[in-house]
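Chain by chain, the residues run as shown.
Number of protein chains: 4
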Amino acid sequence: MTLRVIASGGTFDKHYDEIAGKLSFGKGHLAEVIQRSRITVPVQLEELPFLDSLEMQDADRQRILASVSRAAEKSIIIIHGTDTMRETAEVLGNAKLDKTIILTGAMIPYEIANSDALFNFGYATAVAQLLPAGVYVAMNGKVFSWDKVEKNRTAGVFQER
Amino acid sequence: MTLRVIASGGTFDKHYDEIAGKLSFGKGHLAEVIQRSRITVPVQLEELPFLDSLEMQDADRQRILASVSRAAEKSIIIIHGTDTMRETAEVLGNAKLDKTIILTGAMIPYEIANSDALFNFGYATAVAQLLPAGVYVAMNGKVFSWDKVEKNRTAGVFQER
Amino acid sequence: MTLRVIASGGTFDKHYDEIAGKLSFGKGHLAEVIQRSRITVPVQLEELPFLDSLEMQDADRQRILASVSRAAEKSIIIIHGTDTMRETAEVLGNAKLDKTIILTGAMIPYEIANSDALFNFGYATAVAQLLPAGVYVAMNGKVFSWDKVEKNRTAGVFQER
Amino acid sequence: MTLRVIASGGTFDKHYDEIAGKLSFGKGHLAEVIQRSRITVPVQLEELPFLDSLEMQDADRQRILASVSRAAEKSIIIIHGTDTMRETAEVLGNAKLDKTIILTGAMIPYEIANSDALFNFGYATAVAQLLPAGVYVAMNGKVFSWDKVEKNRTAGVFQER
Numbered sequence: 003m004t005l006r007v008i009a010s011g012g013t014f015d016k017h018y019d020e021i022a023g024k025l026s027f028g029k030g031h032l033a034e035v036i037q038r039s040r041i042t043v044p045v046q047l048e049e050l051p052f053l054d055s056l057e058m059q060d061a062d063r064q065r066i067l068a069s070v071s072r073a074a075e076k077s078i079i080i081i082h083g084t085d086t087m088r089e090t091a092e093v094l095g096n097a098k099l100d101k102t103i104i105l106t107g108a109m110i111p112y113e114i115a116n117s118d119a120l121f122n123f124g125y126a127t128a129v130a131q132l133l134p135a136g137v138y139v140a141m142n143g144k145v146f147s148w149d150k151v152e153k154n155r156t157a158g159v160f161q162e163r
Numbered sequence: 003m004t005l006r007v008i009a010s011g012g013t014f015d016k017h018y019d020e021i022a023g024k025l026s027f028g029k030g031h032l033a034e035v036i037q038r039s040r041i042t043v044p045v046q047l048e049e050l051p052f053l054d055s056l057e058m059q060d061a062d063r064q065r066i067l068a069s070v071s072r073a074a075e076k077s078i079i080i081i082h083g084t085d086t087m088r089e090t091a092e093v094l095g096n097a098k099l100d101k102t103i104i105l106t107g108a109m110i111p112y113e114i115a116n117s118d119a120l121f122n123f124g125y126a127t128a129v130a131q132l133l134p135a136g137v138y139v140a141m142n143g144k145v146f147s148w149d150k151v152e153k154n155r156t157a158g159v160f161q162e163r
Numbered sequence: 003m004t005l006r007v008i009a010s011g012g013t014f015d016k017h018y019d020e021i022a023g024k025l026s027f028g029k030g031h032l033a034e035v036i037q038r039s040r041i042t043v044p045v046q047l048e049e050l051p052f053l054d055s056l057e058m059q060d061a062d063r064q065r066i067l068a069s070v071s072r073a074a075e076k077s078i079i080i081i082h083g084t085d086t087m088r089e090t091a092e093v094l095g096n097a098k099l100d101k102t103i104i105l106t107g108a109m110i111p112y113e114i115a116n117s118d119a120l121f122n123f124g125y126a127t128a129v130a131q132l133l134p135a136g137v138y139v140a141m142n143g144k145v146f147s148w149d150k151v152e153k154n155r156t157a158g159v160f161q162e163r
Numbered sequence: 003m004t005l006r007v008i009a010s011g012g013t014f015d016k017h018y019d020e021i022a023g024k025l026s027f028g029k030g031h032l033a034e035v036i037q038r039s040r041i042t043v044p045v046q047l048e049e050l051p052f053l054d055s056l057e058m059q060d061a062d063r064q065r066i067l068a069s070v071s072r073a074a075e076k077s078i079i080i081i082h083g084t085d086t087m088r089e090t091a092e093v094l095g096n097a098k099l100d101k102t103i104i105l106t107g108a109m110i111p112y113e114i115a116n117s118d119a120l121f122n123f124g125y126a127t128a129v130a131q132l133l134p135a136g137v138y139v140a141m142n143g144k145v146f147s148w149d150k151v152e153k154n155r156t157a158g159v160f161q162e163r
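Heads up: the sequence lines are chains F, R, L and H, in that order.
Read in this note's numbering, the first sequence has 68 at position 66, and its numbers run on one by one without any break.
Read in this note's numbering, the second sequence has 22 at position 20, and its numbers run on one by one without any break.
Read in this note's numbering, the third sequence has 146 at position 144, and its numbers run on one by one without any break.
Read in this note's numbering, the fourth sequence has 69 at position 67, and its numbers run on one by one without any break.
Chain F extracted, bound-state conformation (with noise of 0.2 angstroms):
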């Protein structure tokens, strides 16, 4: 069973721009991310525009639509901000595809001491292995249907709604 991982950007992938002293987007860590896992099963990544979610459009959102519907693949993991991720989910979840797609990402950036980025993306690969098709949101440790979650910004968790 081959896995797709699709990358949209947020804090999982953000990395510190040395020059501008911020931290925005550059090479992609999911190629080291899926090379470090060591997982056998195969894998497609796919890079889509990295956005911070917080600046995700519509017309964002319908492209990883695009990306998802196109896909070969029946087990999707999409690598996502935190802030917007249950408004991706809505979209995704209307759309009935026959495939289980999983949205994860990080509280921390992967590249950052402490990150919970590697965790995340082990969690979400077994759930997109396990789980029938549907669309669900993947973070602290938990797995919540699609239409059944919210972030709660002040303690910085996902939780049921």
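In short, the hints are calculated from the structure, not lab data.
Watch out, some of these pointers could steer you wrong.
Because identical chains share one entry, a pair is satisfied inside a single copy or across any pair of copies.
[What the hints assert, rightly or not] Below are the EDC-like pairs computed for lysine to aspartate or glutamate, each with C-alpha atoms no more than 20 angstroms apart in a straight line:
no., residue 1, residue 2
1, 153, 20
2, 101, 75
3, 98, 75
4, 24, 57
Dock chains R, L and H against chain F, hints included.
Frame of chain F, contents of chains R, L and H only:
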């Protein structure tokens, strides 16, 4: 749903002893790993004596079985060395407990660059929550039934047998 | 010979705030950095208010000067933002104190992958011990007199001027 | 002023071999370390056969001496195992070369958490530039003359003898 994590040593938890100049065991890493993962489900951590899995004897596997048997939790992750993970899985599998028991570990210690430990722990966390009762090995982004797995020591990966 | 380390913020000490989703300041990193360095000479750590060096005002530079002036130690390292390191060095240089004062910092925060922070701290530690009284900037594996240095912001390196 | 860095192995450069399940030597880390340090002085890297310093023979020390002797650079850093750093320093010290030669290493390998390798390399870089010709050991934030140093193996630190 509470999760129990049983740490038994193995490569995952190896620590570099700078006085002896070699890898051995020190204070375990799982408490830090669990916190870093930002899991919001309750987690019960239990530390057994840390062993290199090549040094595990029957009595050590029986100690793991005893811990699993008396655990109140239905979802259990065992952090274990990779070399005899299959043997311990067999002891647990033959006990036919009504629990979802996942053995995982790492090819590179958690505290060494490029480690797969955090990915494997994330993967195992999802498997422990989603699969029915049984004993499984979760490594390399795959889940194996306890009686259908082997470590390919030349390639350094787990595969079906 | 005791060494004084004065932490004043800057990129070196930036911390990722996962609730705000950006780099700011938290608990400083210098205590950990000093311990990790296994320095056996006595080190006195002093933490001033942490500031981005672009936000430093005259009063902030005077506070640093006051700390340096009253210090009992003859060898002093100041952890400082790179953007106005030269300006603070000038304030200290004009004070003509009989101490060896080294300003250093980092292009990438200590807690982010590929950081130069630990290298710079090691380099500055040696310079503080070996050079005669004076004010110096130590960055990029080079030591500069306070009145002959500038940051090349396009290249992200310090150079003679 | 060009700097020569001679890598000879030791704890600094140890690499975890995940197939063998132990620390050994692989591709060296110094090229990455030098780049990460953002040194703007020219650096010439020379890799000798990587050895654990407990396994170094007379011929190996003579090979290091030969490298140092024919080097065009006046400032030389040797990355060396800590256990026999003093012995190699003695061979080099007795050769009375007109160069500033610094031996350094690490108590924890560069690729393992909490490593002192990058600090030591930064410290040695400054010492190599600032001290007059001679042979020195730079460890624990201190510089020692080659004939007045010993490793305290119980405490894991270098000290005067």
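Hint-by-hint comparison with the structure:
{"no.": "1", "hint": "153 / 20", "in the structure": "between (30 angstroms within a copy, 13 angstroms between copies)"}
{"no.": "2", "hint": "101 / 75", "in the structure": "within (8 angstroms within a copy, 31 angstroms between copies)"}
{"no.": "3", "hint": "98 / 75", "in the structure": "within (15 angstroms within a copy, 35 angstroms between copies)"}
{"no.": "4", "hint": "24 / 57", "in the structure": "both (17 angstroms within a copy, 15 angstroms between copies)"}
Checked against the numbered hints above, the structure violates none of them.
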